[in-house]
Amino acid sequence: MNGIHDLGGMHGLGPINPPASEPVFREPWEGRAFAMFAGTFVFCGYTVDEFRHEIEKMDPAHYLEAPYYAHWLEAFKACLIKYGHITSDELDARIKLIASGGQ
Amino acid sequence: MLLTPDIVPAVTSTGATARVAANVAPRFRVGDQILVNNIHPTTHTRLPAYLRGKRGVIERDHGVFAYPEHHAHHLPEKPQHCYAVRFTARELWGSAVNSRDTLVADLFDDYMELR
Amino acid sequence: MSRPHAGPPESDPAILTRAIESLLTEKGLIDPKALDAMVDTYENKIGPRNGAKVVARAWVDPGYKARLLADATAAIKELGFSGLQGEDMVVVENTADVHNVLVCTLCSCYPWPTLGLPPNWYKAAPYRARVVADPRGVLKEFGLEVPETTEIRTWDTTAELRYLVLPQRPAGTENLSEEQLADLVTRDSMIGVGLAKAARGETRA
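Protein chains in written order, with this note's numbering: chain A, 11 to 113; chain B, 1226 to 1340; chain C, 4 to 208.
These aren't lab readings, by the way, just hints derived from the structure by calculation.
Possibly wrong hints are sitting among the right ones.
[What the hints assert, rightly or not] Between beta-carbon pairs, the in silico distance windows are:
| hint | chain 1 | residue 1 | chain 2 | residue 2 | range |
| --- | --- | --- | --- | --- | --- |
| 1 | A | ALA30 | B | ARG1340 | 43 to 49 angstroms |
| 2 | C | GLU81 | B | ASN1263 | 41 to 47 angstroms |
| 3 | C | THR98 | A | HIS72 | 40 to 46 angstroms |
| 4 | B | ASN1262 | C | SER180 | 26 to 32 angstroms |
| 5 | C | GLU46 | A | ALA30 | 17 to 23 angstroms |
| 6 | C | ASP74 | B | GLY1256 | 42 to 48 angstroms |
| 7 | A | LEU74 | B | ARG1280 | 27 to 33 angstroms |
| 8 | A | MET11 | B | ARG1280 | 22 to 28 angstroms |
| 9 | C | ALA99 | B | HIS1265 | 36 to 42 angstroms |
| 10 | C | ALA99 | A | ARG36 | 36 to 42 angstroms |
| 11 | B | VAL1249 | C | LEU72 | 23 to 29 angstroms |
| 12 | A | LEU107 | B | ALA1321 | 51 to 57 angstroms |
| 13 | C | PRO35 | B | ARG1280 | 33 to 39 angstroms |
We put the CB at the ideal spot given by N, CA and C, even for glycine.
Start from the sequences and build out the full structure, keeping to the hints where you can.
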């Protein structure tokens, strides 16, 4: 698809600003999100290409603004719901619970 | 299956190749001059938009791989050759760029035609 | 999963991550200890020092270099590096005439067994958008000016091959050991946005 992910040749996205160094995971959640790819791939049922396509279908503004592993989270969400491992209702409820400090 | 700590080393050191042991004839040979198809699928593709309609040369045949277009949507397998295809920077970006510079992209049989 | 309630509020992705992980753990679908092991592997065990060993070996051993350029996957495995996101490798050699640089414009494809996980700039929009159309401008942002007479060859690695650049061996390193040479090989030199470091006492052109 001709989505926001297909970036080759685009102008206006700003400087690269490579830092002198950075940790592999900048925050703990990035490591968990990274590890969940292997953790979910083994049971969920998605293919790597399907996972990539779910990222491509993200809201374009969110795609550009979100940290990298947030792309993976969107794809996990889509695939886990699609394959019936979780429902969007139980995920929403769990997000609310965590956001309110309940867990 | 459940990913457990004891199998993590095997998972990371083995991975999962997309290479397919299928006897599929290549549509192109090294040195062939190709034209990239001007296609705009709304489904998954690994063909970047900036290469569509451009002229390149087959530089290397990587062998046979699963076709991501089909793999993404659980369509019947269509394994095919994937090639390193070389383009001049000027073919892609016009006369203002350095005449020596080139770009190589990995493209599948179905992405191209002979020219 | 539990964490102290004090401290700054979590960002949305942090909450979403915990929500997914806790649901899957309760359902018995993931083992958090396996996630710990994945994190530990890529934080502490797999990284660009692996690729540096490959490069240093190629610099000192012409037979190895020939094997590396002919069948990179097998040659890299000789040194013990293989697997996830390095199942099918290609190594491209920098020379006086050609400077190679790697990108994946569609996502973040990168050779994990030899370089570890990619830096954030490699996965972010500015680099992916610009390095294919203006590699010389991008390399200047990394402090690297490639002569006009050298071809820059940009590899857009969007299929299932993973690439590694074999940088040029710095001048004046004839007497260094393989281990000392590996210390000169930076991650950026194996992506192509930098050069190998100069030997101590030498100045880089």
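| Between ALA30 (chain A) and ARG1340 (chain B), is the Cβ distance one that fits in 43 to 49 angstroms? | Since the Cβ atoms of ALA30 (chain A) and ARG1340 (chain B) sit about 46 angstroms apart, the hinted range of 43 to 49 angstroms holds.
| task | Could you tell me whether the CB distance from ALA99 (chain C) to ARG36 (chain A) stays inside 36 to 42 angstroms? | result | Since the Cβ atoms of ALA99 (chain C) and ARG36 (chain A) sit about 38 angstroms apart, the hinted range of 36 to 42 angstroms holds.
| task | Just tell me: holds or violated, for the beta carbon distance of ASP74 (chain C) and GLY1256 (chain B) against 42 to 48 angstroms? | result | 21 angstroms, violated
| Okay, MET11 (chain A) versus ARG1280 (chain B) on CB: inside 22 to 28 angstroms? | Since MET11 (chain A) and ARG1280 (chain B) have Cβ atoms about 24 angstroms apart, the given range 22 to 28 angstroms holds.
| request: Using the Cβ atoms, figure out if VAL1249 (chain B) sits within 23 to 29 angstroms of LEU72 (chain C). | output: At roughly 25 angstroms between Cβ atoms, LEU72 (chain C) and VAL1249 (chain B) fall inside 23 to 29 angstroms, so the hint holds.
| Taking 27 to 33 angstroms as the hint, is the beta-carbon distance of LEU74 (chain A) and ARG1280 (chain B) inside that range? | Given a distance of about 31 angstroms, which is inside 27 to 33 angstroms, the answer is holds.
| Are LEU107 (chain A) and ALA1321 (chain B) spaced within 51 to 57 angstroms by their CB atoms? | 56 angstroms, holds
| Do the Cβ positions of THR98 (chain C) and HIS72 (chain A) conform to the proposed distance bound of 40 to 46 angstroms? | With a Cβ separation near 42 angstroms, THR98 (chain C) and HIS72 (chain A) satisfy 40 to 46 angstroms, so the hint holds.
| task | Take a look at whether the Cβ-Cβ distance between ALA99 (chain C) and HIS1265 (chain B) falls inside 36 to 42 angstroms. | result | 41 angstroms, holds
| message | The hint says 17 to 23 angstroms between GLU46 (chain C) and ALA30 (chain A); measuring C-beta to C-beta, is that right? | response | For GLU46 (chain C) and ALA30 (chain A) the Cβ distance comes to about 19 angstroms; the hint holds.
| Is the gap between the beta carbons of GLU81 (chain C) and ASN1263 (chain B) within 41 to 47 angstroms? | 43 angstroms, holds
| task | With 33 to 39 angstroms as the target window, see if PRO35 (chain C) and ARG1280 (chain B) comply at their CB atoms. | result | 52 angstroms, violated
Consistency note: the structure conflicts with the earlier hints numbered 4, 6 and 13.
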